[in-house]
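Residues per chain, in single letters:
Number of protein chains: 4
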Amino acid sequence: MTTKIKKSLHTELGHSTPDRITVRGRDLPSEILGHLNLGDMAFLELTGRIPTPQESVTFNAIVVTLVEHGVTPSALAARLTYAGAPEALQAAVAAGLCGLGTVFVGSTEGAAKMLYEAIPFGEKPSRPLADMAKDIVADHRARKLIVPGLGHPLHKPIDPRTPRLFQIAAENGLSTHYVALMQAVQEEAERVSGKSLPINATGAIGAIAAEFGFPWKIIRGFGVMARAIGLVGHILEEIDDPMAIEIWQRVEKEAGGPRQD
Amino acid sequence: MTTKIKKSLHTELGHSTPDRITVRGRDLPSEILGHLNLGDMAFLELTGRIPTPQESVTFNAIVVTLVEHGVTPSALAARLTYAGAPEALQAAVAAGLCGLGTVFVGSTEGAAKMLYEAIPFGEKPSRPLADMAKDIVADHRARKLIVPGLGHPLHKPIDPRTPRLFQIAAENGLSTHYVALMQAVQEEAERVSGKSLPINATGAIGAIAAEFGFPWKIIRGFGVMARAIGLVGHILEEIDDPMAIEIWQRVEKEAGGPRQD
Amino acid sequence: MTTKIKKSLHTELGHSTPDRITVRGRDLPSEILGHLNLGDMAFLELTGRIPTPQESVTFNAIVVTLVEHGVTPSALAARLTYAGAPEALQAAVAAGLCGLGTVFVGSTEGAAKMLYEAIPFGEKPSRPLADMAKDIVADHRARKLIVPGLGHPLHKPIDPRTPRLFQIAAENGLSTHYVALMQAVQEEAERVSGKSLPINATGAIGAIAAEFGFPWKIIRGFGVMARAIGLVGHILEEIDDPMAIEIWQRVEKEAGGPRQD
Amino acid sequence: MTTKIKKSLHTELGHSTPDRITVRGRDLPSEILGHLNLGDMAFLELTGRIPTPQESVTFNAIVVTLVEHGVTPSALAARLTYAGAPEALQAAVAAGLCGLGTVFVGSTEGAAKMLYEAIPFGEKPSRPLADMAKDIVADHRARKLIVPGLGHPLHKPIDPRTPRLFQIAAENGLSTHYVALMQAVQEEAERVSGKSLPINATGAIGAIAAEFGFPWKIIRGFGVMARAIGLVGHILEEIDDPMAIEIWQRVEKEAGGPRQD
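Chains as they are written, first to last, in this note's numbering: chain E, 1 to 261; chain V, 1 to 261; chain P, 1 to 261; chain W, 1 to 261.
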């Protein structure tokens, strides 16, 4: 039988022969193992090239930021899943990842998208950043949308990760007009609203990711890959010092009874 | 209302206050960001301590090994999922992870479990490794089980990742009786079966993970965290050069018609 | 320790005591088992009441419609996942569900949302349906959005499910202004575009779901619950007559080689 | 290009042409919609035939049993996931399903497997059921395994679902040697252990599923498809009366602080 092929299938990521395993055009054993750390490997996987030392420090910093943030809803979902299917650790991590959507991680991609819409990657700003920021904030207010990357329910008046990430980016030559525009947007948003609106970690990461030129659609993936690591950590802790069954029993006892309020 | 608490809930992984974010007892911005690469961060998350330089190189190598292995069933599941829900990248990665079970990643944990059963962590081998290997192989044959970590459908007579991983482990002081026992098991299995049974990458990783003392139940998690990175790479490629819809249409056309064989 | 509770936790869905299991206020063994079919049980779970015979026929029809649609991307993702983790059937179904997003199932909720925006549930149409349809189509064209529930890549000039679903709804008293408005929107969209734009199954289901008054946010869930059934069917077939490994090997062989186009 | 095909791909489940949609060889609009309820459709999907009225009542009862069981870990995982990604309802259901493994649903398949090993489907018992039960219980005790389908942490001395399910099965001609053997196993296990070991719902369902002849590997899927319905119900309640964020905040407050015990 002959299958008529309209479009051929191709990948640049990796392929294997009996005696070779190639990833992104490099021999995995001799050119990658022992040479690249996990963050650099992620950079290679996404871009097809080895990061410079400056890129390596900065990219590792932004993904490291997203690994662990305590017993989040995502971590709880993974722990509760593991309690029911300990033989399928991978499914527990998968369950934890499923919730990394618009509420908790989405603003990473939103901030980058907003910045790229103002300044397409590869171009220079066409007018003063303060003017752009004014338009961006006014536009979000007109559409009753929150500005992505600003504000945090807990970390006020500043998100402690943001100045550090911006410092690392600046020290490594990855702080040009995208970081500056994000900061201009913050100033304008605070001026107009009269409220403290810190650039949160997802805003900082979105801006730095834009400095690299990563497509906005993939930036949520930084949080996904980083949190997969953190979720494995939560599962290891759950094995040694479990909380899932206790949480379930407390909730069931309270929620299954007569309404309390 | 007072909830009677039988067991209190606790985590050592991370917690936040308005001006501080602590991970594993360390201040995230000042002590972690800019200092640890992503693999070291994973090590900290799992063990509570910063790896030594030797541990860092070796641990990074074993997780880097597992990031990318071409268009695997896992990568295809992620791509097909993304085609239906591009707004939920996290769910596409989750779908890809769900298949990292006993067939494709499980032998990592199996090899470590087998080695720990022979030599409990922290103890010295109680008798010659060749004798242990003989018993292990005989026991698996008696129970009609394959020996975990041996054999590969494609990579014959050796899996090219294995000698490189063992070299890195040896150069960094992480190659003692677990690696040696894995090798003894291979020799015995080849002797008894008369077949080429290379130590595959999951066998090598299982043995090196045992050198670190990682609990066998968490070792599958190395593959899960690493592959999460690889799946983000596949999704980025799927955005730029898609194959999912084409695969679907080919399969539907063929499978929906009359049987061909 | 006393946990201060800001909001109590409560569920109306189900709770258990040693000798009773209650679902939606009914005794599961004596009032539900043997009395309700699976579709009626879904209706009870979602609404808190037993459907009338007319509602039962219609609701069962709309969920039955969504169970099986051949080797979709969702079915392929489930099969490929099962090939890697056959011990975790639940994770294979989960992987298949992850892709039921905006591309393949989302328009069910989109159609209902559009209809509710025109005619809030419980109210009568405030003006002729043809006028409403004109505005809806013009608005979507102005915003360059497709009208949800219209058009199908394969089923032209009509989607064969739609007239049958509308017939069942009409015979059972569940075809009032929402179904009529969906049909008016179709007529207007075809008139303005000059193209054949059949109401597809998700459009029909969205309109009938609106007749019931189901919140638009949950309507995607009809497809999710129905497809979970279909995916279990695909996994059973995959056990008996597998295709996942064959698909993987074909794709890997083609995609891992030099580019073909 | 010609792809050499070692094995052709085929499905019996469903396929479509522009004007027809066929499921299991039946025209979906005219032969299925309006005729089959959702449980009957599941039966058709799994077996390729329409159930008899007796099979319909019994099969619907066993899947209806598994739809809803209060705020289980699975329901909590779905709710916590929805809180983070409300735009991806399907991923929240998927997260909830991921935990339906060996701890909470697996014994359904375990009970059926145990029964089929004693009496292969299609054969008659080769010796008295009491003798078989004696061997089964002794064998599990020797291997220090619990007997699948027996015992329940809450429902003592009987699981109220079991007598009702057995009654329905008996009334419909689906209670022969598999149900009887399950009961003999219970008697023997209680005799030997001196403890109350009720046949739980998964034991009853496993036994009745064996009466149908369903392969044991697919029986977990009954719980998966049923719980998908229940999880959609939990998400609808979470939209109207949320508990996920409250649970998260309580846990985070307690678990992130100093250890309490």
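Any given hint might turn out to be false.
Unchecked claim - Derived CB-CB ranges, DEER-like:
no. : chain 1 : residue 1 : chain 2 : residue 2 : range
1   : P       : A170      : W       : Q54       : 42 to 48 Å
2   : V       : R191      : W       : E123      : 55 to 61 Å
3   : V       : P120      : W       : A180      : 55 to 61 Å
What the hints assert, rightly or not - Partial selection, computed: residues in chain E whose CB lies under 10 Å from chain P:
no. : residue
4   : L9
5   : S16
6   : P18
7   : T22
8   : G25
9   : E31
10  : G34
11  : K113
12  : Y116
13  : D135
14  : I245
15  : E246
16  : R250
17  : E254
18  : G257
19  : P258
In short, the hints are calculated from the structure, not lab data.
From the three backbone atoms N, C-alpha and C, an ideal C-beta is built for every residue, glycine too.
**OP:** Run the structure past the numbered hints and jot down the numbers of the failing ones, going up.
**Re:** 1, 2, 3, 6, 8, 9, 10, 11, 12, 13, 14, 15
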